[in-house]
Structures are given as C-alpha cells and as structure tokens.
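Chemist: If you want the building blocks of each chain, they are given just below.
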Amino acid sequence: MAIQVIMPKVDMDQEESTIISWEKSEGDLVKYDELLLTAETDKVAIDVNSPGDGVLAGIRYQEGDVVPVATVIAYILEPGEELSDIPGATETKEAATEAEQVSADAPEADLEADVKAEAEVSTVSDPDGKVAATPAARRISREEGVALDSLKGSGPFGRIQADDVARMAPPSKETRVKLQAEIVPMVGKRAYIAQKMQSSFQTAPHIFETIEADMTRLEEWRSRLNANSDTKISVTAILVKLVAWALERNRYLNASLLDDGIHLWNEINVGVATAIDDGLIVPVIHDANHLSFQETASKLKNLSQKARQGIIELNEVQNGTFTISNLGMYGITHFRAIINPPEVAILAVGATVRKPVVIDQYDNISVRPMAKFTLSADHRVIDGVVAAKFLADLVKVIENPEIFYE
Amino acid sequence: MAEITYAEAIRSALREEMKQDERVFIIGEDIGIYGGAFGVTTGMLEEFGEKRIVETPISEQTIIGAAVGAALSGMRPVAEIMFMDFILLALDQIANQAGKMHYMFGGKATVPMVIRMPSGSGTGAAAQHSQSLETLLMHLPGLKVVTPSTPYDAKGLLKTAIHDNNPVCFVEHKLLYKMKGEVPEEDYSIPFGVADIKRAGKDLTIVTNGVMVHKSLEVAKKLESEGIDVEIIDPRTMVPLDSETIINSVTKTGKLLVVHEACETAGWAGEIMALISSSRAFDYLDAPMRRLAGKNVPIPYNRVLEKAAVPQEDDIEREIRAIIRGDY
Chain A
1102 MAIQVIMPKV
1112 DMDQEESTII
1122 SWEKSEGDLV
1132 KYDELLLTAE
1142 TDKVAIDVNS
1152 PGDGVLAGIR
1162 YQEGDVVPVA
1172 TVIAYILEPG
1182 EELSDIPGAT
1192 ETKEAATEAE
1202 QVSADAPEAD
1212 LEADVKAEAE
1222 VSTVSDPDGK
1232 VAATPAARRI
1242 SREEGVALDS
1252 LKGSGPFGRI
1262 QADDVARMAP
1272 PSKETRVKLQ
1282 AEIVPMVGKR
1292 AYIAQKMQSS
1302 FQTAPHIFET
1312 IEADMTRLEE
1322 WRSRLNANSD
1332 TKISVTAILV
1342 KLVAWALERN
1352 RYLNASLLDD
1362 GIHLWNEINV
1372 GVATAIDDGL
1382 IVPVIHDANH
1392 LSFQETASKL
1402 KNLSQKARQG
1412 IIELNEVQNG
1422 TFTISNLGMY
1432 GITHFRAIIN
1442 PPEVAILAVG
1452 ATVRKPVVID
1462 QYDNISVRPM
1472 AKFTLSADHR
1482 VIDGVVAAKF
1492 LADLVKVIEN
1502 PEIFYE
Chain B
20 MAEITYAEAI
30 RSALREEMKQ
40 DERVFIIGED
50 IGIYGGAFGV
60 TTGMLEEFGE
70 KRIVETPISE
80 QTIIGAAVGA
90 ALSGMRPVAE
100 IMFMDFILLA
110 LDQIANQAGK
120 MHYMFGGKAT
130 VPMVIRMPSG
140 SGTGAAAQHS
150 QSLETLLMHL
160 PGLKVVTPST
170 PYDAKGLLKT
180 AIHDNNPVCF
190 VEHKLLYKMK
200 GEVPEEDYSI
210 PFGVADIKRA
220 GKDLTIVTNG
230 VMVHKSLEVA
240 KKLESEGIDV
250 EIIDPRTMVP
260 LDSETIINSV
270 TKTGKLLVVH
280 EACETAGWAG
290 EIMALISSSR
300 AFDYLDAPMR
310 RLAGKNVPIP
320 YNRVLEKAAV
330 PQEDDIEREI
340 RAIIRGDY
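Residue numbers (the numbering used here), protein chains in the order written: chain A, 1102 to 1507; chain B, 20 to 347.
None of the hints are false.
Below are the DSS-like pairs computed for lysine-lysine, each with C-alpha atoms no more than 30 Å apart in a straight line:
(1) Lys240/B - Lys221/B
(2) Lys221/B - Lys1279/A
(3) Lys1253/A - Lys271/B
(4) Lys271/B - Lys221/B
(5) Lys1231/A - Lys271/B
(6) Lys1253/A - Lys1231/A
(7) Lys221/B - Lys1253/A
(8) Lys314/B - Lys240/B
(9) Lys1290/A - Lys1407/A
(10) Lys271/B - Lys1279/A
(11) Lys119/B - Lys70/B
(12) Lys1456/A - Lys1497/A
(13) Lys1473/A - Lys1297/A
(14) Lys178/B - Lys38/B
(15) Lys217/B - Lys240/B
Sample of chain A residues with no beta-carbon within 12 Å of chain B, all distances over it, derived:
(16) Val1167
(17) His1307
(18) Asp1331
(19) Leu1358
(20) His1391
(21) Met1430
Which stretches of chain A does chain B cover? Using the computed rule of at least three CB atoms under 8 Å from a CB of chain B, they are:
(22) 1235 to 1248
(23) 1255 to 1262
The hints are simulated quantities; they were obtained by calculation from the structure and are not laboratory data.
We put the CB at the ideal spot given by N, CA and C, even for glycine.
Next comes chain B alone, as it looks inside the complex (with noise of 0.2 Å):
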C-alpha cells in the first residue's frame, strides 16, 4: 500500500493503462509539457510522446469530437476537458455522437472513450469554472458517469472506465486533488454499479458524491460521541447507480438525506428520492426525505460567498440534527 494524492492516483491509472495497450491516448488542453491544469498529466509527455499525449487549443466540441472519432477507429482516447464548465461547449458531440451511436448503428459502432473532468467549487475560480454538473451527465441515456471521492476509488474506477466499451465522463473534484490515501500498489479495478459504504451507520443514510462525502464523514464523526451514528454511502458511479445498497440503508435507518454540491433544482437528490418512494424503503421512512444541495446560483467569486454557495459541514450537521430530533 502506498499513500498518494488523488491526482497521483489518476496518473498512476492513466500511465498503467497506457503502457498495457498502445491504443489508450490523452487528449486535452495544456496536458503535454504544462502537465495538466491540475497537474495530473505531469510527467507524461516525457514519458509517452506527443502521439499519445495529444495536445489541444481551446477547443472542447473538437476535443471530444475527436475523442469520438478515434474511438470509432478503435482507439481508447482520454479526453481531458479542463473543467467540467466546458463540457457544455461539447453537449451535442458527448450527448448526440458519443452517447448514441452504439445504439444508432444497432451495435456496429462501439464508443470507448472516457471524459475526464474537474468540477467543484472551493478554489475561488468563479462561476464559469466551479460547476458540478454530473447530473446533466446522468440524465443522457448512453453516458455512463463516475464521481470518485477518494485516490483509492479514483484509480480503481478510471481502469474501469478506459476498459468500458462505452462512453465515461469521469468527473474528478478539484479540491480532492491534493488529498492523499492508501493505494494498493498490485493491480486492482473497481466495477462499476457497486456503491462504497464509506461510514456504517443506524440512525441515518447519507448520500452523497465528491468532497461531500468528506465533509460528512468531519461531521458524523463529531456527532459519533453524541450517539448518533449516520451512514454515509458514496455511490461512486452516478450511471450506473447502485441502488440496492441505497435502499437497503435506508430501510434499515428510516431517514435520508442527501447532499450534493451540484445545484438544488433538478439535482440528482431528487433522483435518489424518487428511488426511494418507489422501492421497498418507502414503507420503513420514518421522516421526511431531506437534501442538502448547492444554491441555485452561479458559484461567487468571493470567497466567503462561494463558502455559502454549497453546503459545508456546519450545514449538513445542522440538518442531521434537525432530521433526528424530528423537526420536519
């Protein structure tokens, strides 16, 4: 086991998987000599070449294009979008060609690529670079899309994800780069579709992605000594969902809240509490459904507004205690 930091982690995936199968490439902005915007690519160009590290300009719809192409032609590129704000300039090439055309063509064309991503808030980047738009991702049939909160799940997952036949946008939390932890040094992958109980718990289910997840595990470890033991699930990939393992926390807590930094309306928490109505947790709900989410808002470029703009720790313990003292 060695501990490294969550950027290590996706490079140390990136360049295994390269050296396995000469078809895997990079492609992005500023990834060659740069290194990455988050240095995650640091390293590779010396170590690859320009064939494989594959240097862009500013130019997310001709990146993924690309990307989509080459998949086609039996190559496994990496596309690197610089943040995950601009994968807008790509929907149509993400949602309309990758997505679709392994169904269009009834199965003749294969898409395997994977879309890597920083999201988030946190670094004072404004509101054109601080996104969280993962649900926009879920919502487009043919996407898978993995939200690794850890250097551990990173690795395991972006394997995962370069061996997918399908299109993987990979969506990587800026502020979890510089985060450390254990990485087995043997081979190891991480399927897709099995959530991670990051914290077992009795008296109430979180579900939550991306820094959240440590921002409620701060906080379940502080409510620990008062005796109230939260569950914390990360489901790791969004698409596909593992929703057994949700529902069956919930059945056995009876409260849900969810926490995501991604904007409250339309955000994926009413996605999880939809499953939920409908499963067989309904009947052991014991309290309203409860989500703690990002404001409606663009993230501010001042700092202490952009604290404010998505849910912190003090937030998510609030409503922890509100849900089981019973104030909905």
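If we strip away everything but chain A, and leave its shape as in the complex, we get (with noise of 0.2 Å):
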C-alpha cells in the first residue's frame, strides 16, 4: 500500500510551511526516516522524513512551494506499485489541494492532535455518469421538473443540495404572496369580445393612419340640419352619413376578405361602437348611403338605446361593412381601434378640440375647433396610400360640406 507523505504540523498555530529543498527526487528509493526533504514555518526549519520503505513519487511541491499543512506532498510507493493506482495521486495540484484542506480545516479532536488528513479527492460525478446529490434535491427536482444533470452542485464534492435545485425552479405557487382578487368569470359578451378583439389583431396587419379635420364648417352644417330636423342630429349622425359618401369613392375600405377574395360590397353598412354596461356592441346603420341625415340621426339614437337597455336584434348588429368609434366625448384625442372583423378598417375619433391654427398662405392664425380621426386598416386588403386616400376624402367633404350635394 502506497504510504502519504504529509507536511507536518509542528506548530500549534501553524498553517502552512514552505519548501526549501528536496534531498530526493521523484523515483528515488528511499529508506523508513531518511530525510525527504527541509521546508520552514516563519519559525521553525522542518525536517520531513520518509514513513516508510520505497520509491519516492507523485510529488506535488517544489522548492520555494507554500504548503498547507497536514497536505499530501507526496506518496512511498511499493514495489510494483503505480501512481495511477492510488485514487487522486494523479490529480492536480489545485484540486488535490483544495480537497485536501477541506479535510485539514475539519476540526480535530484533543487526542488526535493530528498531521494526518485523509486525502479524499474531489470528484463531481462518478464515472458512470450519475450525480451526486441530496434526497431532498432529488426530491425537488422530481418536483419542479429541474433537470440535476443541468446543475452545478454547491455542496461537498460537488454535491447538488437542496437550496441548488429550488433556486433554478420556477417560482412556486405557494411561495408567492397571494394578491386578493374580485373573480369575474370569462363568459358571455366579455369573452366574445375578448376572442373577436384578439383574433383580428392577430390576424390581420393593422396599420394606422391620422388625420386632423377642421371642424368649424361641420359644426355651422350640423346646427343648419338640426333647424330643419325634429330629430337631434348628433356628430356621429353626421360622420354616419360623410363617412359613407367617402366609402361610395374609396369601395376597398368597404370590404372583407374572404376565403374566395376580397369582396367588396355593394352595400354600404356603418356600424357605430357603443359601449353598454358590460361591454361593447356595435350597432349597424345598413345603407347608409341612401338614409337622409335625419333617418340616420333617428335611426342611431333607437339602436344606441335598444342596445344600452339590451334589446337590440341580431339583426341590427349583423352585416356592418364599416366600423366608426368615437371616444371624443371622454376627451380623448386620438386613438388606434382595432378592426371589426370581418372588416377590414374602422374609424377611431377623438375630441374635438379649439386650437390655433394656420388657416391661409400668409401664415394667419385663428382658433378653429380641430379634430383628429384615426384609421385602423387592414394591410392586406389596404395600402398605405389606399387609407391616405380615403382619409383625404373624409377630410375634404368634412371641411367643405358642398361637395357632399354634388
């Protein structure tokens, strides 16, 4: 059996040593007590010699090395004997170190007094492939689906610990503090809408697209109509109605695409959103184009009120063509809308607001109530410019009302 040469202790508060000289060399044969080698403490000069009969080997310090004490510093081989036979006589000076001065730190009892240190070398996974680790690390491993041979082990020889495995672990249910919630189920109008809003904003490529109109003239249009009408007539009304002569000259805007292609529609179908007490509908002015403003006007206020007291009829939501919302009431001026599918754009409208603004050439500046208004469109079936288009249209007969009686 190879015997360890180790660096003795001599000194009660000793921790280490350094080599001076060796007097043999690796191969040497050597006889029980012959001087190995001198080294020194900041005290003391040492001498270290041979515990037993036979070859010298395995030396892991040279001259002028500072060696921890209770380190192997080499091994007495018998006869026949191999390096490669002694488990961790090949390893690194580094590793074999450390491993060691594990077991030289671990506390020693008064009897033992001690200079030997077991020499157990480090290993982070036997050769057949398995790792170490703790019944608990296990245990959680098999819980969170942390995979042990992804984890460096922090614990003895590499062990994988507990602690190792349930950092990498998703955080758990039961460690995180509860937030209280009020639960409302996902049912009925709100997963409609929840499922509709979210299958066209994943499925079609918006674009957006602003716009700011001048209102004044729309605004001097509407009181005109409203002397002539028994019937209020809204803004909304009147963008039903401008909104639907724009589409008349912009027919892409007024489609759908479908399995066979983009379909075009003949009518021309405006759909105003409305929020109701659980969620938005959105109610349909069919034929827009051919309705008088009043008949628009009239028409508007009855759904908006069958839909807010819940009695509206499936057919006054089915067969829209085109989508207008207006959040201008609540202040807000611009804002992108999501497409009602199967549309392929909708009109978002904000506040009308009273700002200065350039109104000729010369730079003149007045306070004009503007207006923005948004355009969601679908890019497959609409082209940036297709939009612009439409848009400029909107804009032109908003601001020059005669156009809309030619």
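Fit the two chains together into the complex; they arrive one by one in their own frames, and the hints show the way.
Modeler: Below you can see the structure in the form of structure tokens.
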C-alpha cells in the first residue's frame, strides 16, 4: 500500500510551510526515516522524513512552494505499485489541495493532535455518469422538473443540495404572496369580445393613419340641419353619412377578405361602436349612403337606446361593412381601434379641441375646432396610399360640405 | 410544582406506587439501610419494612430470576441492579425468561416487573461500572426500554413502568441523580412511546437520550446566538420508540445527528438512521445523517480519558457546525 508523505504541523497555530529543498527526487528508493525534504515556517525549520520504505513518487510541491499543513506532498510506493493505482494521486495540485484543505480544516479532536489528514479527492460526478445529489435535492428536482445534470452542486464533492435545485425552479405558487381579487368569470359578452379582438389583432396586419380636420364648417352644417329636423342630429350621425360618402368613393375600405377573395360590398352598412354595461356592441346603420341625415340620426338614437337596454336585435348588429368608434366625449384626442372583423377598416374619432391653427398661405393664425381621425386598416387589403386617400376624402367633405351635395 | 432531584423523583414514584399497591416491592443490593448505592431508596426501609424492601447478596441472576418468579405469581417487583454493567450476569433471566414468558405461554403468564439500573460514565467508576447498554436491551423482543433524562420524565415514566404488565428496563444515567427539576405535586404519569421535543428548532434534528440531552441543550443555547437553530428530540422510551416525532422532525429540518453515550458500533444511532432512511423523511434529507457516539473502548479509569471516550459539548458543537456548514 502506498504511504502518504504529509507536511507536518509542528506549531500549534501553524497554517503552512515553505519547501526549502528536496533531498530526494521522484523515483528515488528511500528508507524509513530518511530525510526527504526540508521546509520552514516563519519560526522553525522542519525536516520531513520518509514514513516508510519504498519509491518516492507523485511529488506535488517543489522548492519554494508554500504548502498548507496536513497536506499530502508525495507518496511512498511499494515495489510494483504505480501512481495511477492511488485514487487522486495524479490529480492536479490545485484540486488535490482544495480537497485536502477541506479535511485539514475539519476540527481535530484533542487527542488526535493530528497531522495526518485523509486526502479525499473530489469528483463531481462518478465515471458512471451518475450525479451526486441529496435526497431532498432529488425530490425538488422531481417536483419542479429541474434536471439534475444541468446543475452545479454547492455541497461537498460537488454534491447538489436542495437549495441548488430550488433556486432554479420556477417560483412556486405557494411561496408567492397571493394578491386578493374579485373574480369576474370570462363568459358571455366579455368572452366574445375577447375572442374577437384577439383574433382580429393577431390576424389582420393593422396599419394606422391619423388626419386632423377643421370642424368649423361641419358644426355650422349641423346647426343648419338641426334647425330643419325633429330629431336631434349628432356629430356622430353626420359622420356616419360622411363616412358612407367617402366609402362610396373608396370601395376597398368597405370590403371583407374571405376565402374566395376580397369582397367589395355593394351595401354600405356603417356600424357605430357603443359602450354598454358589460362591454361593447356595434349597432349597424344599414345602407347608410341612401338614408337622409334625419333617418340616420333617428336610427342611431333608436339603436343606441336598444343597445343600452339590452334589447337590440340580431339583425341590427349584423352585416356591418365599416365601423366608427368615437371617444371624443371622453376627451380622447386620438386613439387606435382594433378592426371589427370581417371588416377591413375602422375609424377612431377623437375629441374636437379648439386650438390655434394656421388658416391660410399667409400664416395667419386662428382658433378653430380641430378633431383627429385615426384609421386602422388591414394591410392585406388596404395599402397606405389607399387608406390615405379615404381619409383625405373624408376630411375634404368635412371641411367643404358643399361637396356632399354634388 | 416542586423542584426535586432525579433521585428524589424516582423515590417519590416508588413510594407513591408502593403506598397504593401492596403488590409492589423493591429487590436489590444495598437498597435497605444503605439506601441504595445512589441514595434512591433512602428512608424506604423504615417506611415499608423488610418484606417490601428486600436486600440481597451480590447475585444479579438471582435478583432478576426472583423478580420474574414474583411477577409470575402476581407481584409487581421493582428490581434494582446496582450498575447497568451487571445486567449482563442476568441476561438469560432478562432475555429468555422475563422477555419471553408471556409470549411462550400464550398470554397465560405475565411478567409485570421493572428493572432499574444506573448507567453511564463520568464518575471515574471505570470500565465495568460505566457502561450504557440500552442497545443490547432494545434488541430483545418482549422488553420495554426507558431512558428518562429529567426528574419530571423519570417520575412520570417510572409510574407507567410499574403499571405496565410487561418487563420494563428502566435506565437511569448516574450523572443525573443530583440534577434538579420541576416535578408536579399532583399525580401524573407519562405514557410510553411519546418522545419529548426538549428544544424546538428548524436547522437540524438531534436525537439523543440520558445525559447527552443536557449536553446537547447547552450547545444549542450557545449556537442560538449564531443563528443555528437546533431541534432536540429525547425519545424517552427507546422501546416503544416514537418514530413519528423523529420522522416529522427530520422532514422539517433535513438534517439528523444522533448523539448517544453508548458505543458507536451497532449502537442505536444506526437504528434511528435506518428508520429515517426507510421513512418519508428520506426525501427531505439535505445532508448525510451523522452520529456521535461513545468510542468503541472500555471506559477508562483516567478522568481525562474517561471524558474523551464519550461525546462532550465540544464534540457535539463541532459536529453540528460541520453538518450545517456542509462538510459531509
């Protein structure tokens, strides 16, 4: 059996010593008690004598090296023994030192007064490819689905401890502090809207274009129309008509992309997004381009009422070909709406805001009621310029109402 | 509540039971005028007389044999073996007679006896008067084995032992006789098979008995200030063992250290470790289970060596730190 040559500890508080000179070399035949090397601490010189008869081999430290106490510095081999026979004898100095330091630091009993440490060399995983892990670590690995072989162990000999696994596991539902909530089931209208909006946004590549219109003349127009009408005509009602007019001249905005191609609808059915108690509904003004302003207004009022009362009928929300959404009454200046499938565009109307604008080529400034209109369009069907043309037409008729009657 | 010594607590249990039940008597060496080698039966000869405090010559096998016979005939003897070391002389009577008669006679015979025995080292009594042999007794079916560590536990458990219809080995660590503790004035008893959590903690479980309980408590108090929180479980009855409490504890802490004065080889630490390995606590172990036990040597006469032969506070502290640090 090979005998370890160990750096002795001669002082109570000695931690290390420096090798001064080797008196024997690798491969030399040595006798028991023969001087192998001399070393020194900061206080004394140490002679290290051979612990047995045999061949000096596996010298790990050279002259000038600082060696921690109780470290194996060489081996005395029996005749016929090879260094490779000794587990760990051929390990690199650093790994060996580290492993030995672990045992060297381990507390020594009074009686052991000891210089001989067990040199246990560390191996992270054994040659069979098994992983060293504590039972607790294995349990957490199973429970959290964290593979052990993907982890580095923090335990002795590279053993994987429970914390090593727990750290890599996704935060458990139990350890996260629960927030309280009132739970609203995802059913009915909410579920329907959710599904429709998600599907629309994920399917149609949306492009967004905003244009600002001077609403001065539209407001005058509205006053005139209301003077001759029983039903109050709202801005939205007028916009329905103007949008219908613009759609007549921009058919690709009034279409649907179906399996067999782009359907450019013959009817213009303008839906108006309406907020109700538990969601959103879009009553449709069918054939909007053929209705009068009054008819449009009264239809709109009627449908809104029915919607809010929850008594709107199925045919009143079907077959829309274009949608208008107006958040102006809430002060929203502009926003981007999600297209209402199977339509290809939606117009978001912002608040009319009185602001100073340049009104002529002389840079004269005046305060005018301005409103922003944002179009969302499905780029599979509508290109940028097509969308822009529609908006331009809309603004033209808003700012020049006489065009409407041509 | 009164504060009395462990020896006084035992005497108190003996007196109460003897007053209540005339079938209870004590038999052993030097228990009469001398009051027992450790003073436990002081004053009892005067109180109960020769017929109930039966002094014998040095004759362990006979003491136990006579007690077995008395028990079989309807008495409830409490035999005292002066040093646990001497039970070895009576092992046939204990193992083959006391322990097996109830079973072998198909329940027709019962052996309701208690064998009290001082155990352990620390008094300079040397190799033949200092052993902790509870492991040997635990191994024999038919016997119950009790190892109280406090006056409260001693009195409560001795009462239960005397009422038990089985042979009960009652092991008293001799260093504990002078230890003081609170004992209720009113009647109470402690059931067998219920461990006592002497200190609750969350970082490591120590399972220990006898005087080692107190050494462990000292160390735990010291380590508390460093944030190491040790749980100490005193099984109190080695047979029947409260395995649930031990399993629950190790499941909680993930680390086990068994400390006993009995020699390491085939000592009962192995029993606890096997128990944990084959329980659900296994999946919660985050460090190798460790044991700290008496060295496999005859207890030395030399006082320094005597101390070194069994675990001391330093050893316990060192081992706890090593486990917590992850040295193993």
